[in-house]
Amino acid sequence: MVRFENIGMRYGPGPEILRDVTFTLDPGSFTFLTGPSGAGKSTLLKLMYLAEAPSRGLISLFGSNLSRVPRAQLPALRRRIGVVFQDFRLLDHLSAFDNVALPLRIAGREATNYQRDVEELLSWVGLGNRLSARPTTLSGGEQQRIAIARAVVARPDLLLADEPTGNVDPDMGQRLIRLFEELNKLGTTVLIATHDRSLIESARAREMRLVEGRVIELRSPIS
Amino acid sequence: MNLNTRIMPRDRGAGSLDVVIAVMAFLAALALGASLIAERAATTWRTGLAGRITVQVSPPEKSHASLDQQIEAALSVLRKTPGIAHASLVSEEDTLMLIKPWLGSDALVADLPIPRLIDAEITPGASLDVMSLRGRLKTAAPDSFLDDHTRWLSRLRSLAEGITWSAYGILALIALATAATVSFATRAGLHAHREIVELLHQIGAHSGFIAHAFEWHYFVAAFIAGAIGAGLAALLYVAGTGAELAGFEAVPFLPPITLHLSELAWLLTVPVAASWIALLTARLSVLGALSRVY
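Sequence order for the protein chains is A and B. Start counting the first sequence at 1; every next residue gets the next number (my numbering). Start counting the second sequence at 1; every next residue gets the next number (my numbering).
Accuracy of the hints is not assured; some may be wrong.
[To be verified] Here are some chain B residues pointing at chain A (derived, C-beta under 8 Å):
1) Ile-114
2) Leu-117
3) Asp-143
4) His-191
5) Arg-194
6) Leu-199
7) Phe-209
[To be verified] Here are some chain A residues the structure puts well away from chain B; computed CB gaps all over 12 Å:
8) Ser-29
9) Ser-60
10) Ser-64
11) Arg-68
12) Pro-103
13) Pro-156
14) Arg-178
[Stated by the list, open to error] Rough simulated footprint, nothing fancy, chain B against chain A, three-plus residues with beta-carbon under 8 Å:
15) 91-98
16) 122-129
Since the hints were made in silico from the structure, they are not lab data. Ideal Cβ positions, reconstructed from N, Cα and C, are used throughout, including at glycine.
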């Protein structure tokens with residue numbers, strides 16, 4: 001599903017943020033990405049969701065070597081990835097419903113075709129009665145749940161989440177992890193960057209630790 | 001309005017862009033109207049004078065024949081000339097009316113040796129040998145002068161074409177300025193909404209999808225602003241028509257500043273053109289900016 005080989009990443013003439021990063025995410029796997037602040041977790045995620053290109057090394061995504069993928073085909077690859085951004089990145093002038101529906105519109109689906117799906121998903125994350133609410137009128141936790149709903153609504157092949165439970169209470173955190181696990185059972189490969197140890201312990205998934213730009217495999221899924 | 005067209009929020013400060021586009025559209029509509037008036041005036045002048053010749057008979061200097069004898073002789077030559085459908089003497093009153101704008105109508109004018117004019121109409125489709133006719137007129141009436149309006153028509157044509165092409169030039173400059181303004185505003189909008197563009201890009205939107213969100217926004221804004229500008233210009237021309245009907249002559253000898261209904265309809269092209277210029281520049285600006293993103 002995802003393969004990084006000797007990836008190095010630096011911004012401009014700055015120091016290398018990622019150094020010789022090599023790992024593989026198997027299809028259908030569930031992985032936590034941990035590490036101290038500044039270790040390069042966000043940069044690693046940016047490379048995975050195709051926001052940046054690496055300075056060196058090879059990334060293979062969905063079986064395609066990214067260095068050989070034509071630029072015109074990148075949007076189609078991005079549509080197979082759901083991303084929960086740490087800062088949510090919701091569109092404040094759109095309703096909760098429209099924010100969640102955005103990936104479906106971009107994929108070309110008609111409103112009549114996805115209305116029920118979006119409403120059901122918003123109900124699942126506890127926002128069934130806030131469909132028309134603008135993000136600015138919602139709490140941080142509610143905004144985070146909209147961001148998660150938007151990331152999963154198109155049933156992505158790969159789900160990347162950056163601190164997805166940082167703004168919600170423990171109960172809602174567990175509920176959201178269950179949502180990720182349900183998606184994972186349906187075949188979605190999941191990678192969650194988090195500091196939340198209780199979350200990591202509860203899911204008993206693979207843990208990949210990033211220290212000073214290098215990946216250290218800490219725990220396999222069955223341990 | 002569907003979600004695709006609502007993705008971009010209305011820009012803060014977009015009102016000033018609307019004002020600029022409305023002013024541009026107003027100027028463009030004025031220039032377009034001026035070119036239409038120039039075209040119409042040139043056509044009127046051409047059709048009014050084409051197919052006619054004028055013979056001017058001055059009070060005798062070169063011969064002993066009287067003015068009346070020379071007029072009769074000139075009329076006789078004209079009436080016998082193949083290709084001349086009709087020839088008639090312009091009355092003294094009408095002649096004085098013609099020179100009134102230049103010389104006035106006081107008693108002094110009556111003492112001037114005013115030439116008499118003969119107006120002749122050429123048979124449609126007939127070919128007239130002007131040089132030969134001029135010679136025969138000189139023989140019969142030595143103080144006559146044949147004017148086939150060639151020089152006057154040529155100058156009128158040049159003047160009308162000059163006005164028309166100047167108006168087209170102004171239109172082109174206004175279109176260029178509108179395109180540059182919209183392009184600048186689009187780039188500013190793109191910068192202001194960089195996070196939205198990045199998000200759309202990130203969740204798999206094609207550049208065309210993002211460009212469409214922008215271009216639609218500017219298309220609608222430019223159409224509304226363009227319609228307001230062109231509407232104001234149309235009102236000005238309608239007011240010109242009203243002034244003409246009331247008997248007010250803006251500039252003597254020049255055509256009135258009025259547009260016929262069919263010509264007013266041409267002003268509708270201004271908001272349409274403004275909106276398409278806005279759409280295309282917005283699209284090109286957005287695609288250009290996105291082409292530099294991974």
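**Request:** Examine each Cβ of chain B, and state whether all of them lie more than 12 Å from the Cβ of Arg-178 of chain A.
**Result:** With a cut-off of 12 Å, Arg-178 of chain A remains clear of chain B, as the shortest Cβ separation is near 24 Å.
**Request:** Over 12 Å to the closest beta carbon of chain B is the bar; see if Ser-29 of chain A clears it.
**Result:** Ser-29 of chain A is indeed farther than 12 Å from all Cβ atoms of chain B, at 22 Å.
**Coverage of the stretch 91-98 of chain A by chain B, judged on three or more residues with CB within 8 Å** = holds (count 5)
**Asked** So is Pro-156 of chain A really clear of chain B, every C-beta pair being over 12 Å apart?
**Response** Pro-156 of chain A not clear of chain B: closest Cβ-Cβ about 10 Å, inside 12 Å.
**Asked** Holds or violated: is the Cβ of Phe-209 of chain B closer than 8 Å to a Cβ in chain A?
**Response** Interface hint status for Phe-209 of chain B: holds (6 Å vs cutoff 8 Å).
**Asked** Can His-191 of chain B be said to touch chain A, with a Cβ gap under 8 Å?
**Response** This hint is violated: His-191 of chain B lies away from chain A, its Cβ roughly 17 Å from the closest one there, beyond 8 Å.
**Item:** chain B over the stretch 122-129 of chain A, status - at least 3 residues with CB closer than 8 Å
**Value:** violated (count 0)
**Message:** Given a cut of 8 Å on the nearest C-beta pair, is the interface hint for Asp-143 of chain B held or broken against chain A?
**Reply:** With a closest approach of 85 Å, the Asp-143 of chain B hint is violated.
**Message:** Let's test the interface hint: is any C-beta of chain A closer than 8 Å to that of Leu-199 of chain B?
**Reply:** Where the cut-off is 8 Å and the nearest Cβ of chain A is about 5 Å from Leu-199 of chain B, the hint holds.
**Hint status (Cβ of Leu-117 of chain B to nearest Cβ of chain A, threshold 8 Å)** = 75 Å, violated
**Item:** Minimum Cβ-Cβ distance from Ser-60 of chain A to chain B exceeds 12 Å
**Value:** Holds, because the least Cβ-Cβ distance between Ser-60 of chain A and chain B comes to about 17 Å, which exceeds 12 Å.
**Request:** Check the non-interface label on Pro-103 of chain A: least C-beta distance to chain B beyond 12 Å or not.
**Result:** Non-interface label fails for Pro-103 of chain A: nearest chain B Cβ at 5 Å, not farther than 12 Å.
Checked against the numbered hints given earlier, this structure breaks hints 1, 2, 3, 4, 5, 12, 13, 16; the rest are met.
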